[in-house]
Amino acid sequence: MAIVQCPSCSKSISSKSAVCAHCHISLGDVTEEQLARIASTKRVKKQQMFINHSFLALILFLGGFLYLYWQQPTTGTVQMALTKAAIGIGCFWYLVNRVILVYLKKKS
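Per this note's numbering, the sequence shown runs over residues -12 to 95.
Think of the hints as simulated: they come from the structure by calculation, not from any bench.
Owing to the predicted nature of the structure, the values given are computational and were not obtained by experimental measurement.
Not one of these hints is a red herring.
In silico DSS-like pairs for lysine-lysine, Cα to Cα no more than 25 Å straight-line: (1) LYS(-2) / LYS29; (2) LYS33 / LYS93; (3) LYS92 / LYS29; (4) LYS32 / LYS92; (5) LYS32 / LYS93; (6) LYS3 / LYS29; (7) LYS(-2) / LYS33; (8) LYS94 / LYS32; (9) LYS94 / LYS33; (10) LYS92 / LYS(-2); (11) LYS94 / LYS29; (12) LYS93 / LYS29; (13) LYS94 / LYS(-2); (14) LYS(-2) / LYS32; (15) LYS33 / LYS92.
Using the sequences provided together with the hints, build the complete structure.
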């Protein structure tokens, strides 16, 4: 008996179990076509998660930039530091997510 990953939820299960204890998929009846469909669905969900993160990062970046533009906080204040932090973190987070999305698209 070995520990393997469930093709649906990727959690550890016994190689001899007929049903996954976590997602309740029947492992004995899974065909290659179903495995391919499950893998495709997982890949799309992962890509969608990173797209959502990209939008959140973009909102953070634009929020910081718009606050800087409209409110014009004075140099050295907490508002200026938070604005610069929001712009920097949002930009970095957005770029990292886009790189991950390009990597995921090339991988598939």
